[in-house]
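Asks: Sequence:
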Amino acid sequence: MAIGAGASLDPKRLSRHVADLEAAGVDMLWGGEIYGFDLVSTLAYVAAKTERVQLMTGILPIYSRSPTILAQTAMTIDTLSEGRFILGLGTSGPQVIEGWHGVPFSKPLGRTRDVIEICRKVWSGDRVVHDGRAVSLPLPEGEGSGLGKPLKRMGKPYRQDIPIAVASIGPRNVELTAELANVWQPIHFLPEKFNEVWGDPLETGGSRRADDLGDLQIVAGGTVALGDGSMVDSVRKGVRDGVGFYVGGMGARDKNFYNDLFKRYGYVDEAEKIQDLFLTGKRDEAFAAVPDDYVDRASLTGDPERVKERVEVYRSVGVSYLDITIPPETENPLEVISQIKAWAE
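Just so we're aligned, residue 0 is where the sequence shown starts under numbering that gives the first Met the number 0, counting upward by one.
Hints were generated in silico from the structure; no laboratory data involved.
Glycine included, each C-beta is placed from N, C-alpha and C at the ideal position.
Do not rely on the hints blindly, as some may be mistaken.
[Stated by the list, open to error] Label pairs and their in silico Cβ distance ranges:
| # | residue 1 | residue 2 | range |
| --- | --- | --- | --- |
| 1 | Arg126 | Ser233 | 53 to 63 Å |
| 2 | Glu328 | Asp302 | 15 to 25 Å |
| 3 | Glu304 | Glu328 | 20 to 30 Å |
| 4 | Arg305 | Val128 | 24 to 34 Å |
| 5 | Gly226 | Asp26 | 19 to 29 Å |
| 6 | Gly265 | Pro332 | 27 to 37 Å |
| 7 | Ser135 | Arg51 | 32 to 42 Å |
Can you build the whole structure from these sequences, using the hints too?
Replies: Structure follows, in structure tokens:
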């Protein structure tokens with residue numbers, strides 16, 4: 000589950016919240032980082048308030064920190080949590096990277112590979128030398144002062160094999176994920192479309208995967224609302240509005256990764272309509288254009304037996320961690336979490 004600390008952060012409330020989630024049986028907590036509170040400090044705090052649950056950055060953008068700082072961050076939280084940390088990485092997108100961080104959104108695949116490889120070199124304890132597609136350490140001759148030299152980490156980390164997760168949806172990025180990552184975190188996941196949309200890149204990347212990485216773990220799921228009535232209707236509307244925002248407005252007309260994914264799911268006309276409406280200021284109409292068929296398959300809503308069947312669908316395609324969202328208006332949310340946990344096991 001996401002810890003949901005994005006725009007507001009109340010430490011006392013967060014402490015109670017994560018303790019309750021851990022007690023309810025949640026196996027992993029993750030948080031995002033866009034342009035609110037930073038995720039690293041938040042997860043370090045959460046590490047001190049929990050004992051068992053795994054903690055994942057979902058995601059740290061690969062452009063917002065140097066590769067070695069990402070490696071140091073992972074070492075620190077993993078040591079503070081005594082081996083409960085997963086370093087989740089992703090590219091984010093040009094609007095955030097160039098608009099908020101002020102750095103070019105360039106060579107996303109090359110930089111992802113470089114970051115992963117550099118992190119593992121740092122954790123190994125060897126001197127870090129890397130000649131990459133986007134990042135080289137030390138700086139090559141002719142760049143900088145010329146005084147850079149290979150360095151190795153100080154201090155002993157809790158683990159040298161900290162798991163790495165990658166958030167990816169594009170075919171080439173998913174292929175890279177299957178090759179190098181321990182965990183894959185897709186967004187707007189439809190299990191019925193798993194093989195059709197991602198089967199080939201997962202197989203191609205997996206063919207180059209090192210044996211010691213083990214099987215690729217998958218984090219995917221949806222918002223939970225059991226039963227019927229106004230609460231379920233409200234949750235379904237939230238799912239519709241959320242994906243409509245991404246498909247319609249998270250990117251320019253000709254560079255929107257989520258719009259491209261919606262088309263690969265088969266919603267070609269719908270994707271174009273949603274984007275046209277959103278970009279002309281008709282947000283409500285754009286959100287209403289998200290088809291019911293998508294909402295049905297992308298959420299865990301409705302009759303408990305149906306939701307239980309949907310959990311099995313996620314399991315059947317190899318999802319390792321069922322990622323659930325519990326709306327704040329849910330009655331007895333911890334009981335709902337425990338119920339979903341029982342079905343997932």
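Asks: Of the numbered hints stated earlier in the document, which are not met by this structure?
Replies: 4
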